[in-house]
Structures are given as structure tokens and as C-alpha cells.
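One line per chain: the protein sequences are A and B, in this order. For what it's worth, my numbering labels the leading residue of the first sequence as 1, then goes sequentially. For what it's worth, my numbering labels the leading residue of the second sequence as 1, then goes sequentially.
If you are wondering where the hints come from, they were derived from the structure by calculation, not from laboratory data. Model, not experiment: these values are computed from the prediction. Virtual Cβ for every residue (Gly too), placed ideally from N, Cα, C. Each hint should be verified, as a subset may be incorrect.
Stated by the list, open to error - The calculated DSS-like cross-link candidates involving lysine-lysine, where the alpha carbons are at most 27 Å apart (straight line), are:
id : chain 1 : residue 1 : chain 2 : residue 2
1  : B       : 261       : B       : 20
2  : B       : 278       : B       : 20
3  : B       : 278       : B       : 238
4  : B       : 261       : B       : 278
5  : B       : 73        : A       : 30
6  : A       : 114       : A       : 448
7  : B       : 114       : B       : 73
8  : A       : 585       : B       : 114
9  : A       : 585       : B       : 278
Claimed, not checked - If you want the footprint, here are the derived chain A segments under chain B, 3+ residues with CB under 8 Å:
id : stretch
10 : 102–108
11 : 117–123
12 : 322–332
Unchecked claim - Pairwise CB distance ranges, derived in the manner of DEER restraints:
id : chain 1 : residue 1 : chain 2 : residue 2 : range
13 : B       : 131       : A       : 481       : 50 to 56 Å
14 : A       : 212       : B       : 13        : 49 to 55 Å
15 : A       : 212       : B       : 177       : 49 to 55 Å
16 : A       : 337       : B       : 131       : 51 to 57 Å
17 : A       : 567       : B       : 131       : 42 to 48 Å
18 : A       : 481       : B       : 268       : 56 to 62 Å
19 : A       : 401       : B       : 13        : 23 to 29 Å
20 : B       : 177       : A       : 39        : 50 to 56 Å
21 : B       : 13        : A       : 53        : 37 to 43 Å
22 : A       : 28        : B       : 13        : 24 to 30 Å
Next come the chains, spelled out residue by residue.
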Amino acid sequence: MTGESTKSLAAWTRPNSLPAGWRGSRLVGKIFMGLAIALLILLFLYPPLLMVMAAFRRGQLAGQGEWTLEPFIETITSPVTWVVTLNSIVLSLVVAIIGLAIGTFLAWVAVRTKTPMRRWMTPIMAITLVIPSLFYGLGWYVTLAPPKAPVNQVLQAIFGLEASASPFSTGWGPLIFVVAGHVIPVAYLFMVGPMSRMDASLDDAARMSGATRGSAFFTVTLPLLRPTMLGVGALMTTYGMSAFELPLLFGLPAGIQVFSTKVINTINESEDLPNYAGASTLALILVLLVVLLVVLRERFVGNRRYSTISGKGFRPEPKSYGRIQWLFFAVFALVVFWSGIVPLVQMILGSFEYFPGVASLGFTTSNFEEVLTGRRTFQALTFTLIIAAIGGLLASSVALLLSHGANRSGRFVRFIAMLVSWAPVAIPGVLLGLALLTAYMPIPGLQKLVGTPFLLVIGFIVVATPIATRAVEGGVLQLSAELEESARISGASRIVTFFTVVLPLVLPSFLAGWFIAGIGIAGNLSLPVLLSTPTMRTAAVTAYDLYNQGRTGESAALFILLMLAVVLVGGLAWVLSVGVIRVLKRSRTSRIERAMKTKGSVLHA
Amino acid sequence: MSSITVRALRKHFGAFEAIKGADLQANEGEFVTLLGESGCGKTTTLRCIAGLETPTSGHISIGSRAVYDSAAKIDIQPERRETGMVFQSYALWPHLTVMETVMYPLRRRKVRGKAAVDRALEILDTVGLVQFAARPATSLSGGQQQRVALARALVSRPQLMLYDEPLSNLDPSLRRQVRDEIMRLHHLNGTTSVYVTHDLEEAMHLSDRIIVMQSGLLEQTGTPAEIFSKPTNEFVAKFVGYENLLPATVTKVQGGDIELKLTTAGIDIALPTSASTKPVAVGDQVSIAFRSSNALVLAERAPAGARRLELRGTIERVDFLGSRNEYRISSGDATLRVAESERAYRHETLRREAGAEVWVEIDADLCTIVPMGRSSATPEASEPEKAGASA
Chain A
1 MTGESTKSLA
11 AWTRPNSLPA
21 GWRGSRLVGK
31 IFMGLAIALL
41 ILLFLYPPLL
51 MVMAAFRRGQ
61 LAGQGEWTLE
71 PFIETITSPV
81 TWVVTLNSIV
91 LSLVVAIIGL
101 AIGTFLAWVA
111 VRTKTPMRRW
121 MTPIMAITLV
131 IPSLFYGLGW
141 YVTLAPPKAP
151 VNQVLQAIFG
161 LEASASPFST
171 GWGPLIFVVA
181 GHVIPVAYLF
191 MVGPMSRMDA
201 SLDDAARMSG
211 ATRGSAFFTV
221 TLPLLRPTML
231 GVGALMTTYG
241 MSAFELPLLF
251 GLPAGIQVFS
261 TKVINTINES
271 EDLPNYAGAS
281 TLALILVLLV
291 VLLVVLRERF
301 VGNRRYSTIS
311 GKGFRPEPKS
321 YGRIQWLFFA
331 VFALVVFWSG
341 IVPLVQMILG
351 SFEYFPGVAS
361 LGFTTSNFEE
371 VLTGRRTFQA
381 LTFTLIIAAI
391 GGLLASSVAL
401 LLSHGANRSG
411 RFVRFIAMLV
421 SWAPVAIPGV
431 LLGLALLTAY
441 MPIPGLQKLV
451 GTPFLLVIGF
461 IVVATPIATR
471 AVEGGVLQLS
481 AELEESARIS
491 GASRIVTFFT
501 VVLPLVLPSF
511 LAGWFIAGIG
521 IAGNLSLPVL
531 LSTPTMRTAA
541 VTAYDLYNQG
551 RTGESAALFI
561 LLMLAVVLVG
571 GLAWVLSVGV
581 IRVLKRSRTS
591 RIERAMKTKG
601 SVLHA
Chain B
1 MSSITVRALR
11 KHFGAFEAIK
21 GADLQANEGE
31 FVTLLGESGC
41 GKTTTLRCIA
51 GLETPTSGHI
61 SIGSRAVYDS
71 AAKIDIQPER
81 RETGMVFQSY
91 ALWPHLTVME
101 TVMYPLRRRK
111 VRGKAAVDRA
121 LEILDTVGLV
131 QFAARPATSL
141 SGGQQQRVAL
151 ARALVSRPQL
161 MLYDEPLSNL
171 DPSLRRQVRD
181 EIMRLHHLNG
191 TTSVYVTHDL
201 EEAMHLSDRI
211 IVMQSGLLEQ
221 TGTPAEIFSK
231 PTNEFVAKFV
241 GYENLLPATV
251 TKVQGGDIEL
261 KLTTAGIDIA
271 LPTSASTKPV
281 AVGDQVSIAF
291 RSSNALVLAE
301 RAPAGARRLE
311 LRGTIERVDF
321 LGSRNEYRIS
331 SGDATLRVAE
341 SERAYRHETL
351 RREAGAEVWV
361 EIDADLCTIV
371 PMGRSSATPE
381 ASEPEKAGAS
391 A
């Protein structure tokens, strides 16, 4: 053996009072870890904590003023509060179940069957996701609600119903229908990655053990995906709980209040002081519900390991299921119409109408002219895209580091990671901007950032990390520990292992997390409304302003431009990243090949 | 090449004690196997040596360099221990080709360019996989994948090779092939190796020395021949294939002989002292152990001659296995297991059915006297300390 390998042990035997795990590079690692945890707690956990405290104070601003129990007791004892809670629970659970069931089914169809168009399902679903919820809601609202809406006209023609009596305009039915349509693509995109990386031989084993195709799906495929499904299911539930625009359009007219709408209602109900304490009390119930959800998820997943990417070969082969695949395709087409095409077409039409939904007035391009000639339009679009790209990247990175760290570390880190990835969800969407602002204001460093894009980006990271985590953690859970251990044995440090083994293997999940987080940021309204100054409005906020001013056509036009921009930039980025990866890979292989050739010629000479 | 020394190694997982004070030593170039049932702590011991697991206490050094010492507070990261490891599940990276996989350890150790390619090709040539260099590592067959894993472990010329049940995921024919490969590479490189397995034959074939482990304790250390023919306790005896353990009491130790009384059959037998792995005294409770294949089934008692153990019994069951017959024969309170070779069952005439009365005979030199009890039991099971304690 050559001598270069044996290092002197003299440096290591120096007596020291610190245990081995607390010295040298490990100490540096621990300090770094400690700082990171402190920062995470400050950014992610402090705002919800502050909001909890705000339930017991009364003043001009949230979380300030005198301490009092009065608004808390008042809200808690009000029967309306519990009706709202029940409404939110029903809405979110029903929507989560529908979304998860259809999303998981379609993910399986896309990966494991030979259904026509299966290769197009993921890109189409991803594009569907780009539709901001306000825009999506308006699209369906125009389709369902007004007396002249197409659905109502058909109903009136067939059943002779009175326009006002149409059961499809507002109420529980349309509300659940519309919210579910909005979350199915999310569920699909979260499920398709883990599904495609699952070892198909596990299914084959079930088939050989006497299971039919169907029962193999229910007894092996689904249970193996349980951690992912529970995570996604929990996320879907919180979607329903924090939904704002859709209940506002479809629930409120029928008297159905959910958390977000009730929170706004509560803040504004009194004349003299905004009732932040009452709103925070409502939020407190939401916090408890989210905690319950997370505890349930932890109990179900437990400490069981579901590593389905092992070091052994795996090839999930799609199988043909015969003619029933056309039924699968029909379900897919239906979902695309439901969550994409109908509202989209409606709003595209609307953007060319003088007043959206009123086609009788004729068509015009004036909305687009107005928006495109607008001074700030281009600026707002660019700003939105940059913020979304950066915020999404950072959120996805935080998500990856957190889930990987949690998966490979002790209980404490796992606990922190879990808190961080769920805490922001516990703040109702409409309160989020306020919570972050009141939490960060007193902190010296962050104070200076108020009014700059940096605070907006930080806020977006906090908002988007829970979503990005759900996208990334499934991929991380599937990595078997031995793949990293073999890299360590091969001489790679923890950091090098992370970049050469972990990152390449979870890259699809990481990119998905980036994309989903970026889209969430681009369409987010609650945060930029409070945190951005007029010179740095996001496109979504600008469009929302237009809508509030009654310029619905222009608002639709701007939303369409935003979506086009996101799709264009997202697609371009995707093509670029695939290209770069391919070029890098090829250059590496060709370098090796060249070297092998020269070596070969030497051998043969 | 380096020796490896492990002293007083302990590892707790919460309340569970996986290793209860292990001492082991492998000299330069030696091939040492940790043999034991699953869950006995052998893999944990290996992972502690590799640095993938941090022991609770103890000392590990590779060569003259301490890589773990709880007292001196040393714990060197796995990537700096210069070991190579072969995993049970291969642990090949799905995103890399065979060539990239094998070059990975070289790149991490700053070997670059032509030198790295040359070395990688050399090792791939050694394992016969040069033609697959450009293929993704996980697209190969099981045996080929494990050979890639072997190449990856060996490519950077490690101080120490660690094998964690590398053959248990392979089918039997491949198992033999990869085993020969490991043997060949070991002799080629002469790297000190620590190998973990639950398979007796693997351990016998590969090892210079075998360490038998049971529930976190080292039970016996010895050459394959010693372990095979001179187990020092009942656990090891059963593990190395002594199906028959008959309880007996030492009645007399005289000259070169030990006289015993079989508890079940009540008969007396004298065996040479060399049959016992440890010194015995009158009154000791021991077991007389023999393998089923070393016993003969006879219709009539053989004429007196060589010294042997003779037991009268009734056949309970016969299993025909082609190359042999396997009998369960009840003799007194004991049930004997006897295997009859093809040669014997073709030549001997015998009523081979349940209920038949037969004689079972074992040559005395094929019997081993093992101390009674499943385990040699004390945490400090290694020989020198035993001797020290009795002195």
C-alpha cells in the first residue's frame, strides 16, 4: 500500500473535554445546523406563534395593545365560529378526498398503463396548475352563476327552471365542485413522481401472489405510496382550509362561511377597532386542526421506511389494460376540462368581451390593448417571474435540505423540519401577509428589508416551502440510505455526497417543487398586497386591482398574459435544464470514452 | 494494507444492546468472517468499523491509526477511513454508468484524468466488465451489479475491505461465482478483509479465520477447521451443523480418556480427551455432539472393534432426499438425526420404515464433547481473558 493514505493520528489524540461528536468538522457542522435551525424558527415559527398571541390582545395592530381574554371568549362561545369550523372541515375533507382519489388514479394511469396521451398528461396537468385561483374561480363563476351563464341557460331550456332557482350557481355543490377541480392537478403532480419511481416488481409480486390487477393496485401500490399520499392528502386538506377566492365567489352568496372569509369578516365587523383578536382566535382553531392533521399523518406513517429506490435495478414498465384504457382517457379529458379548459376558455372569451360573460355585446381587443400599453405591465410581469423563479428555487432548496436532513437525522431535527414545513399553513391565507409583517417588523435586520423585494422573497419562501416540501419529501423518502453510505465509503464527504448522489437522484422532485412553488408565488395575492410597494407590484396583484375596479376584462387579459409568460418561461427553463443536463452528461461520457480509446490503442499497440 | 483492531466495542440502540463488548483483530492481509444469525450484531459491528454507525464505546483502529476511540474522543468520518465496502443491496447509483460508478471513489480521492480512467479500466478488466463500462450500473444482472460494487470498493486500493452479506441477494449459482471472484480478488490484492455472513459454507470457503457471534457477543474465534470440528459451546456446535447434542455427565478422566454417562440412554462411553474442546472434570454436565452425516444406521450391532458410540433406537421418520436418506430415530428420550449416504442405502439391507428397530453408530473420533449450555455466556468471551480469569 502506498504511503499517501495513512494520515498521522497525532492530531487526533490531543486530549480534549469535548466528546468526539462535538469536535472538528462535526462541531462546525453542528454550529451551522444550530444557526440554520434558529433562522428557520425565526422565519417560519415565529409568525404563527405571534398570531396565536394576537388572539389575546386588543389594539390598532395585530399582536399589540392590551392583553384581554374578552374577544377570545366572545369568538369561542359564538355558535357562528363552530359553524364556520365545521364548514371548513367538511369542505377541506371532501375536496381532499376527491382530489387525492382522482389525482392518484390519473398518476397511476399516466405511469403504469398504456392509455392514449399518457405522455402528455403531466405537461398538461402542469399547465393547468398555472391558472391562478381567482382567475379559475371567475371562469367557473361566469360559466355557472349568472342567469345568462351557459349552464343556467341549458338548464332553463331543458327544465324550465327559474334563473334564480338554479341549484348550480352557488352553494355546497358548486363550491366543492370548483375547489376540487382546482386541487386535482396538484394531487396528480405530487403523486406522479413517486409513482414512476416505484419498483414495478412489487406489483408483479402481488399479481403472482394471486392478486388481480385491481387488487394489486389497492393492496400493494397504494399502501407503498402511503407516506406520499398522506402528505399530499394533508396538503389538500389545508388547501381547502385556507381557500379564500373560491368560497368568496361560490360559498358566501349562499351563506357558507369558511375560515378565510370569516376572518376578513371578523376584522372588519366592528366600527372603531379592527377585531384582530377575534380573527386570530379563528386562526387558532385552524392551527389546532392543522396540528391534528400532522399528528394523524405522523401516526400513520410512523417510523416505517418506504425506500423503493434501492441500489438494485428498477424499471416500471407500463402495461396495457385493453379497451378500458379509453375510459381512463375519458376521465383524464374530463378532469382537464374541469380544472382547466372550461374556466380558461371562459376567461379567454371574457378577455375579448366588453364585459366578461356577456357575449351579446360583441368582441373587442381593447382589453389587451389597454393592458399591453399600460406602463407597468411589462415591469410587473418581469418582476413577478423573477420573484417566482428565485422564491421557488429557494423554497424548493429549503424543502430539500429539510426533508433530507429530517430523514437522516435524529428526532429533534425531524421535529423542527416537520414544524417548519407545516407551520405557515396554519395561518389563514388572508392573514399571512399581516402575520409575517408584524412578526418581522421588530427584528432589526429584517426591518430594513420592509419595502424591498427581499422581504417579499423571504415571505414567499415561507409561504411556498410547505408546498415545495410536499413535492420534494416523497422523492427523498424513497432514497435508500445505502446509496449515500456507499458514497461516504467511496471517500465523499457529507456535502459532496449530497451533490453527487442525493441531488441527481431527487432532481425530478426538486424541479417539480421549484415549479409548483414558483407557480404558487406567481399567483399569490395575500402576501404582495401588503408587502409590496406600488413600484414593485406583482402581475397577480395588478390584475386583482383591475378586477376590484370593475375592469374585469382587463384583469382577465392580464391574467392570461401572466399565464402565457409563466408557461413560456417555465417551458424554456425546462428545455434548457434538460439540455444542460444532457450536454454535461455527454461531455463526461465522451471524456471517459476518449480516454478509454487512447488506452485501448495503447493496449493493442 | 492494514490490520484492524477492535476493542471492547459496545453499541446501544436506545435500550437495545446490539454489541455487548466485542474484541476482534485481523492481521494484515487476513480474511476474517463474522458469522452469525441475523440480528446477532455482526452487521452493526461492520458498520461501526466503516464509520457508518457511531459506537457507544470502545476502540477501533485501522493499521496504527485510531479511527474511533471513546476515551480519546476520536471519531473519524467514514470517507476518511480509507475502507472499501460491498453492500448487501449492491447500493449502486441509478444515475451513473458502470464506468462513472467505478471512477467515483477515484474522483473523490483526487485521482483525475488518464490515471483515473486507467485505474478504473484496470479494475473493470479484473472483474470482467470492461464491455459494460458505458451501461447504467443498475441495468446489469444481479451478479454483474455485485461485481460493479466490488470494483467500486476495490478501485481506490483501500486499507481494508468490508463485506456486508454481499452474496445473499444473489441466486445460488451466481453466489458461487461471485464468491470465487471475491476469493480471487482477495488473493490478488491481499487486502485485509472483514466479511459478514450467516452462511456457513461461505464463511468456511473464504475465511482465514471465523468469528461466531450471537446476540451481540463473540462466541468463538478460530480457523474454519477449528470452528467446524471443535465448537466450544452448544450454540456454535448447532450453528456449524452438529444436529445431535446428547447430554452426558463426566464420570471419570483418566489417562487419555474421558468416560461419560449418557443421560438419556443411560449407557457409558469413553472418548479420547482430544474430543473435548476444553478441559473437563468429573461431574461436569456436557453434551456429546455429532453430525447426522457421521452416524451410521445398521440393522445389527456391528462386531466389537474400533471405539464408537452405539445407540439402540426406533425409526420415527425417513425422508428420501436423493443423495441421502434422512432419519429421525428415537433413542431413549432423545431423538437422533442421522443421514445415510447413497452408497450406504444402496448396499446395506435394512428395514427403512417407521417403527423399525435399528442401531446407530458413530466413531468416537467423530464425536465432540461440548460444555453444556447454549452459550459461553460471559461478555468477555474471548480466549485470553477466559484463561486469565481461571488462572
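*At a Cβ distance under 8 Å, does chain B reach at least three residues of the stretch 322–332 of chain A?*
This one is violated; 0 residues, fewer than the three required, reach chain B with a Cβ under 8 Å.
*asked:* Verify the CB-CB distance for residue 337/A and residue 131/B against the hinted window 51 to 57 Å.
replied: holds, 52 Å
*Is residue 278/B close enough to residue 238/B, meaning Cα to Cα at most 27 Å?*
holds, 17 Å
*Lying within 49 to 55 Å: is that true of the beta-carbon distance residue 212/A to residue 13/B?*
Given about 41 Å between the Cβ atoms, the range is violated.
*Claimed coverage, the stretch 117–123 of chain A by chain B - three or more beta carbons nearer than 8 Å*: violated (count 0)
*Taken at face value, is the distance from the CA of residue 20/B to the CA of residue 278/B at most 27 Å?*
Holds, at about 24 Å.
*So the hint says 24 to 30 Å: do the beta-carbon atoms of residue 28/A and residue 13/B match that?*
holds, 27 Å
_37 to 43 Å as the expected CB spacing between residue 53/A and residue 13/B, which holds or is violated_ = holds, 40 Å
*asked:* Against the 27 Å threshold, does the CA-CA distance of residue 261/B and residue 20/B hold or violate the hint?
replied: Since the Cα atoms of residue 261/B and residue 20/B sit roughly 36 Å apart, the hinted pair is violated (cutoff 27 Å).
*Holds or violated: residue 261/B with residue 278/B, Cα cutoff 27 Å?*
holds, 18 Å
*Given the hint that residue 114/B pairs with residue 73/B, does the C-alpha gap stay at or below 27 Å?*
Cα-Cα ~40 Å, so violated.
*asked:* If I claimed the Cβ atoms of residue 131/B and residue 481/A lie 50 to 56 Å apart, would that claim hold in this structure?
replied: Cβ of residue 131/B to Cβ of residue 481/A: about 32 Å, so the range 50 to 56 Å is violated.
When held up to the earlier numbered hints, the structure conflicts with 1, 6, 7, 9, 10, 11, 12, 13, 14 and 15 and fits the remainder.
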